[in-house]
Amino acid sequence: MLLTLGALLCMGFFLTTTISYLVSRETIRETILHDELPLSSDNIYSEIQRDLFEPILISSLMANDTFVKDWIVNGEEDEVLIRSYLAQIQERFGTVTSFLVSDATLRYYHPEGVLKTVDVNNPADQWFFRVRTMLPEYEINVDPDMANKEAMTIFINYRITDTTGKFLGATGVGLTVNAVKSLMEDYRKRYHRDIYFYTRAGELILHSLEDHAEGDPLPPHLDKKTLENINARIGGGTGEISFSANTPDGSMANYRYIPELDWILIVEQKSDRTWGILFQSFALNLIVCLVTAVILLNIIRITVLRYQGKLEARNQQLHDTNNQIQQQAAELETVNDQLDALHKEKDEFIGMIVHDLKDPLNSVIGLSELLVDRPSMDSDSQEYVKFIQTSAGSMLEQVEDLLRLTELESPTEVKLSEVDASEMVRRAIDCYQFHARAKSTPLHVNLPVQKVFVHAQETWLVSAIGNLVSNAIKYSPAGQPIAVSLVVDPEVVEISVKDEGEGISSDEVPRLFQKFERLSPRPTAGENSTGLGLYIVGQMLTRMGGNVRCESERGAGSKFTISLPRVTSRH
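Take 6 as the starting number for the sequence shown in this note's numbering and just add one per residue.
Because the hints were derived from the structure by calculation, they are not lab data.
Among the clues, some could well be false.
[Stated by the list, open to error] Computed cross-link-like contacts, BS3-like style, restricted to lysine-lysine with a CA-CA straight-line distance of at most 27 Å:
#	residue 1	residue 2
1	K194	K275
2	K121	K74
3	K171	K121
4	K229	K275
5	K74	K171
6	K444	K564
[Unchecked claim] Label-pair restraints from in silico Cβ distances:
#	residue 1	residue 2	range
7	C555	T326	47 to 55 Å
8	P264	V28	37 to 45 Å
9	G560	E418	38 to 46 Å
10	V296	L27	20 to 28 Å
11	E31	F172	52 to 60 Å
12	E418	D383	52 to 60 Å
Think of the CB as a built atom: it goes at the ideal place given N, C-alpha and C, for glycine as much as any other residue.
Given the sequences, and given the hints that come with them, work out the whole structure.
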């Protein structure tokens, strides 16, 4: 047990720790890829835009300076004036260069003089003709500066226009790439991530490391597939391009296209340090789990040994107790057999007594009927005889209810047969025609012409229908009709008895078919009620595979319906 438990504990701890390590690693990777790297890239991109804002502002001041506009409009007469102006701009703001190109003469002015005349056929001069026709006021591009030994320079080219919007020329300043590189090294110190700038051709322009040579094509963090993906997005015009991905060497990087420079910015996070810390935590967790498992196993071993003796002693006590229980169970079984015999004897005795009461009661009822019809009896004697007749009838009804109850509660199986439901209704109605006439209650019977067969116990079904008819007579005012109908469905036969009595309240309907229940409605002529009739009806229908239900409202009469399965084919 201890070996199995130890194996399970070690396996569980190992799986839990491993899953925790993998989930943590993946969570950190996702956080770096989708949160930290894009945020760092956004910050660097924002700071690059901020650092380029001052040169843009300087170029804007130059393009809107009235001196520059007037000098161009007046025919560019004194070259020394514009050279001095450009030199002051370069010296005052610390730019690497400042320039002005006139649209009228196509001369390229520089603090050192006129460097050249721009030519529409010269590829190096295409920037000017692009600025001439562009809609924005300025552009930023990277070109070699022929006044600075062809060093790569970031130029801000600003349009010069007169008050009518006519293009006069282009002016601006330039920053060396080395100035931007110093900013990148500052970014690397602050964000602790490597930063690279590439051209769209995959050429490394700038980086924040000292051990990477410029011009290395396609380093590991910018493979051919990623470069093609970026260029495809740029060509497809998908808007701002920024996404994060894993690099081929296992690092994580965010790639952003900078349209102002036409460069690709890469912010890279090396994973070695992060994964090393996670692995150390993983190993430490495994050691802690192993120590915990050993301690738990020792505690379990000591606990098991400690209680083993108590369990054995308790087991002996339980064995002795079990012997006593078995002896008591045998005694209880004997007592139960005796009780069953007494119960059976009691049922037989009650049944015998109740059955023996029927004959004298029938004799009393018969004799009282003969006495009532004798003309020699005075009115008082007739009233006494009628009272005897009524009391004997009530007693006979109670005796018959007790006989049915005894029969229903016996465990013997009910033998069902195919009986004609219409015939059972007629027999039940015939039994209670005398009671209905005595109370001037008309019985309206609606039965189908053809025979309708159901599975039932013949005596029980007649008794159940008769009980419902008897109740309807008891609880209906004298002279009010009672409707008895039989409705045939494809699978069910329903026998309904509807009266016009005072009805039953909705809260009393659920108690109708319970034993010895006496509800608020009372017989209208003082008839007797045992509280067993509807209970017996419900039990009979249940044992015959049917049911009985009641629909009633206070003051609107009651409708009782018996449902039994229909016999669809007879053999």
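Against the structure, the hints:
no., hint, in the structure
1, K194 <-> K275, "holds, 14 Å"
2, K121 <-> K74, "holds, 20 Å"
3, K171 <-> K121, "holds, 23 Å"
4, K229 <-> K275, "holds, 20 Å"
5, K74 <-> K171, "holds, 11 Å"
6, K444 <-> K564, "holds, 20 Å"
7, C555 <-> T326: 47 to 55 Å, "holds, 53 Å"
8, P264 <-> V28: 37 to 45 Å, "holds, 38 Å"
9, G560 <-> E418: 38 to 46 Å, "holds, 43 Å"
10, V296 <-> L27: 20 to 28 Å, "holds, 22 Å"
11, E31 <-> F172: 52 to 60 Å, "holds, 57 Å"
12, E418 <-> D383: 52 to 60 Å, "holds, 55 Å"
In summary, this structure violates none of the numbered hints.
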